[in-house]
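Residue numbers (my numbering), protein chains in the order written: chain A, 48 to 443; chain B, 86 to 343.
Each hint should be verified, as a subset may be incorrect.
DMTMM-like mimics (lysine to aspartate or glutamate), calculated; alpha carbons at most 20 Å apart, straight line [stated by the list, open to error]:
#1 K268/B / E223/A
#2 K157/B / E223/A
#3 K322/A / D167/B
#4 K268/B / D230/A
#5 K322/A / E390/A
#6 K192/B / D365/A
#7 K157/B / D167/B
#8 K192/B / D336/A
None of these hints come from the bench; they were simulated from the model.
Since the model is a prediction, treat every value here as computed from it, not as a measurement.
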Amino acid sequence: MTNQSGRFGIHGGQYIPETLMNAVIELEEAYNKYKKDPDFNKELTKLFNDYAGRPSRLYFAEKMTRDLGGAKIYLKREDLNHTGAHKINNVLGQALLAKKMGKTRLIAETGAGQHGVATATAAALMGMECVVFMGEEDTKRQALNVYRMKLLGATVVPVKTGTATLKDAVSEAMREWTSRIDDTHYCLGSVMGPHPFPTIVRDFQAVISKEIKMQLLEKEGRLPDAVIACVGGGSNAIGSFYHFIEDKNVRLIGCEAAGRGVDTFETAATIATGKLGIFHGMKSYFCQDSDGQIAPVYSISAGLDYPGVGPEHAYLHDIGRAEYVPVTDDEAVEAFEYLAKTEGIIAAIESSHAVAYARKVAREYGRNNIIVITISGRGDKDCAAIARYRGENISE
Amino acid sequence: MNRIASAFENKKAFIAFITCGDPDLETTAKVVREAAKNGADLIELGIPFSDPTAEGPVIQGANLRALSGGVKTDMIFDLVKDLRKDVTIPMVFMTYANVVFSYGAEKFIGLCSEVGIDGIILPDLPYEEKDEFAPICKKYDVSLISLIAPTSAGRIAMIAKEAEGFIYIVSSLGVTGMRSEIKTDLDSIVKVVRENTKVPCAIGFGISKPEQAANAARVSDGAIVGSAIIKIIEQYGKDAAPHVGEYVRSMKDAVARA
Chain A
48 MTNQSGRFGI HGGQYIPETL MNAVIELEEA YNKYKKDPDF NKELTKLFND YAGRPSRLYF
108 AEKMTRDLGG AKIYLKREDL NHTGAHKINN VLGQALLAKK MGKTRLIAET GAGQHGVATA
168 TAAALMGMEC VVFMGEEDTK RQALNVYRMK LLGATVVPVK TGTATLKDAV SEAMREWTSR
228 IDDTHYCLGS VMGPHPFPTI VRDFQAVISK EIKMQLLEKE GRLPDAVIAC VGGGSNAIGS
288 FYHFIEDKNV RLIGCEAAGR GVDTFETAAT IATGKLGIFH GMKSYFCQDS DGQIAPVYSI
348 SAGLDYPGVG PEHAYLHDIG RAEYVPVTDD EAVEAFEYLA KTEGIIAAIE SSHAVAYARK
408 VAREYGRNNI IVITISGRGD KDCAAIARYR GENISE
Chain B
86 MNRIASAFEN KKAFIAFITC GDPDLETTAK VVREAAKNGA DLIELGIPFS DPTAEGPVIQ
146 GANLRALSGG VKTDMIFDLV KDLRKDVTIP MVFMTYANVV FSYGAEKFIG LCSEVGIDGI
206 ILPDLPYEEK DEFAPICKKY DVSLISLIAP TSAGRIAMIA KEAEGFIYIV SSLGVTGMRS
266 EIKTDLDSIV KVVRENTKVP CAIGFGISKP EQAANAARVS DGAIVGSAII KIIEQYGKDA
326 APHVGEYVRS MKDAVARA
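Generate coordinates for the entire structure from the input sequences, incorporating the hints supplied.
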C-alpha cells in the first residue's frame, strides 16, 4: 500500500524540518534492513510472546452476543498484553530497532499514557533512557499512568503549550527530536507523523489482524463479517484491519471520538468533521479552521483526543475500503459500563468507542455472522474519570 | 533584478523576523517600517500558526498572542498591501505548510505576487516535499526559500543546486530561540553551498547579539534574527517600534562591519 515516497494515495509524505530529514532517512534504511533480518524477527517474536504475552486471546463474548441478538461477537483482547494495551507491540519493535541503530535514548509522546507506559517499559527492559512528553491536561486525567512511567524510570515532561493535550505532546516531542538526534530515537506511538512512521507502526501492529485471522479460522473456519476498532491516530485500528484489507467481504469500521457530538466544537472526529491538510509531518485529514489553524479538539478519551488521523486511514476512507463512524462520550461511557457488567471486562474508554458502535450494528447481522471488536486496552486507568463523569468522586 | 537579490547586493544582509499581529497588526506595521528605516535589508513576516513545531518558546508565544488577537491570513495580505505603499525592501512570508495549503496554494501564492511578497519560507517543507508548492511559486515568481541544517550532511549540494532567493542556514539543532554560543561548523556548510549555487545564504537560529550577527555575516551573506526582536515586542507591546528600530540599527551596524 506504500509507494516509494511513503504515500497512501495522496496522503502521507514527510513534511518535517530539514533538521530531521537525515534522521528519518536513516530510520527508513535501518527498518528496511532489519524487517527482513531473520535474527531481528526472531528476537521480536520472542519479546512479543515471552514478554508481552502474545498471541492475545480472541474471546467469544457469548453473553454479549445473546444480549445484542445479532452477530456473534468476538473480542480481540489486546488489553491482556503486558502494560495493558496494544501499544506494546509497536514499542517493542521500535525499541529493538532503535537499539540496533545504536540509539541509547527513547523519547515519546503520550495521550492516555498507554504509549508512554509502553515506551518506559521497553526502555527499562532494554536499558535505555526514556523521556515522555504528555499534555499537562492529560497528566491530570491520567495521573496513575504518570506514576507508572516514573516507576519504570522514565522522565515525564508535562506539556503546557496549546491545548496541553496529545497534539501538543507530539509537537513537543518533535521539537525535542530536532534538538537531540544523535543518540535519540523518537518512538512515535501511532500510525501518523512523517514517513516511515505510519508504515513501521502499522507493520508492528499488524500482528493483531494476523492473529485474528488465524484464531478465527481455527475457531469458526471462516473470516469475520466486520472488524471494529477505535481510531485516534489509528494504530490499533490499522493493526486490526491490515490483513483483511484484501478480503473485500470483511467490513472494516473505525470508530472516531465524537466527544459531545460532531455538530459541536467539542469533538475529535477527524474524518467526520476535518478536511485535508498538512500537519505533524503528514498530509491527511485534520480538524482545522478556515485559515488552516489546527482545532482544539475534545474527547473524554485522552487517547483519541487528537485532531488528525493516520494517512493510511485517510486513504482507506478515500477509496471506500474502510468506514469511519463517530461515537460520542455518552455512548462510549455506556459501552464502558455495559462491557463491565455483561462480560466482566473493563475496557479502556478508547476501546469502549468500538464496543459502543458494535452494540449499534450487531443486530444488522444474523446469528451466522461474526463481528470482531478490538479491545485495544484495559480500562483501569479510566475508572476515576468515568466515576467523575457519573458525578461520583473517587480517590485513586 | 529580483527584489531578494537586492538585499545582498554588494553588502551583507540583516534579516529581521516579525510575527504578524503580535500584539496587533497596527504595531506590526509600525515595527516593519521602523526596522526598514533602521537598515533591515529583508523582512520575514511570520503568519501565525496554531502549532508552530519549529519554534522555541519565544516565537510560540508570539504566535499565540497574534492568534488570540484574531489575526486572519486575509488581514495579513491587507497589511502587506499597505506596507508596500512605502516599504521597498524585500519581504517574505514565514509560516507553516498548512497555512498555505488550506488557503489554496494557487490563491495564496498568486496573492503573494500581487501584494509584493517576494518569497515564502516553510520550515515543514523539506526538499523532498517542495513540489507541493514549487511549480506554483515558479509560475508567480515567488521564491520558495530552502533551508539547510547542521544535520544536512550529504544533502547540501542537492538543496543548494535548486535553491531560489536565498538559502536559510539553520545554525544549530533544535528550535528557534536565543543561544549563548553556536557550535556548528558553518564554514564547511557555506563552502558546499558556494560550490553549488550563486544564490546567497544567510544564517539564522540563536542569533541575538551584535557580535553573533557579525560572525554569521562574516561566514555567510547575512544574519537572520527572530526571537530577540519578538522579545522586544513582548516587552514593549504596542510601543515596541522605536525599541525594535534601535535594536535593528545596532545589529545592522555589526553586520555591515563584518
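Structure-based check of all given hints:
1. K268/B / E223/A: This hinted pair holds, its Cα atoms lying about 18 Å apart.
2. K157/B / E223/A: Outside the cut-off at roughly 29 Å; violated.
3. K322/A / D167/B: violated (32 Å)
4. K268/B / D230/A: holds (18 Å)
5. K322/A / E390/A: Status violated; Cα separation ~38 Å.
6. K192/B / D365/A: Violated, at about 25 Å.
7. K157/B / D167/B: Holds. K157/B to D167/B sits at ~16 Å (cutoff 20 Å).
8. K192/B / D336/A: Satisfied, since the Cα-Cα distance of roughly 17 Å is no more than 20 Å.
Of the hints listed earlier, those the structure fails to meet are numbers 2, 3, 5, 6, in rising order.
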